[in-house]
Amino acid sequence: AQSVSQHNHHVILSEAASLELGCNYSYGGTVNLFWYVQYPGQHLQLLLKYFSGDPLVKGIKGFEAEFIKSKFSFNLRKPSVQWSDTAEYFCAVNARTGRRALTFGSGTRLQVQP
Amino acid sequence: SAVISQKPSRDICQRGTSLTIQCQVDSQVTMMFWYRQQPGQSLTLIATANQGSEATYESGFVIDKFPISRPNLTFSTLTVSNMSPEDSSIYLCSVEARGLGIQYFGAGTRLSVL
Chain V
89 AQSVSQHNHH
99 VILSEAASLE
109 LGCNYSYGGT
119 VNLFWYVQYP
129 GQHLQLLLKY
139 FSGDPLVKGI
149 KGFEAEFIKS
159 KFSFNLRKPS
169 VQWSDTAEYF
179 CAVNARTGRR
189 ALTFGSGTRL
199 QVQP
Chain D
4 SAVISQKPSR
14 DICQRGTSLT
24 IQCQVDSQVT
34 MMFWYRQQPG
44 QSLTLIATAN
54 QGSEATYESG
64 FVIDKFPISR
74 PNLTFSTLTV
84 SNMSPEDSSI
94 YLCSVEARGL
104 GIQYFGAGTR
114 LSVL
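Line by line, the protein sequences give chains V and D. Under my numbering, think of the first position of the first sequence as 89, with each following residue one higher. Under my numbering, think of the first position of the second sequence as 4, with each following residue one higher.
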């Protein structure tokens, strides 16, 4: 069975600080990896995805993530956060073939202080 | 992308009653998913609903409690039956965009059971 672990449950940063959110997954096959963001009062939106190829993927709003296969990790980064990045961030995986439903991590609540 | 409309956006229900949530997509999709997000927690898959076949339920979710219909490629309903306060959650519809491998989410239905 798939599982996803997000190690940071609540992160508080000041504006312009750098961000890294950890995500590790467990799955025996090939996976697709995603980061979703949920801004206050809004629905889940895709931030970025990894299917194959370059393990460093860039998403919207200056976010990027690096897939490290040997570590089963897909950490999210942003060099300089803004107050508008305050949101909940979810890492998710699904199987490249077969099961298409997403398995989500527990989420990380990011609070950026002005 | 796919635009998903969910109705109702929120509801307050009495114990023992049932609520049917509708999910309408602006394009034809093969795979639709229903997730639950309990307060302060991550998303958990309830079932996968493919058009023309019975929904596939995850462990811990049963058809008698969460019957699902999928009459065509753009519409699905989830019913929460015989509700109890433990069913208070956000229920989300999701679809996988054809050929893209990306899942899009509706805004969710926030359900409170008294």
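No lab work stands behind these hints: they were computed from the structure. C-beta atoms are modelled at their ideal positions from N, C-alpha and C, and glycine is treated no differently. A couple of the hints might just be wrong.
[Unchecked claim] Stretches of chain D that chain V covers, calculated by requiring three or more beta carbons in the stretch to come under 8 Å of a beta carbon on chain V:
no.: 1; segment: 42-53
no.: 2; segment: 66-80
[Stated by the list, open to error] Part of the chain V face toward chain D, derived, beta carbon under 7 Å:
no.: 3; residue: His-131
no.: 4; residue: Leu-132
no.: 5; residue: Gly-141
no.: 6; residue: Leu-144
no.: 7; residue: Ala-189
no.: 8; residue: Ser-194
no.: 9; residue: Arg-197
Problem set entry | Non-conforming hints, listed in increasing numerical order | The structure breaks hints 2, 5, 6, 9; every other hint is satisfied.
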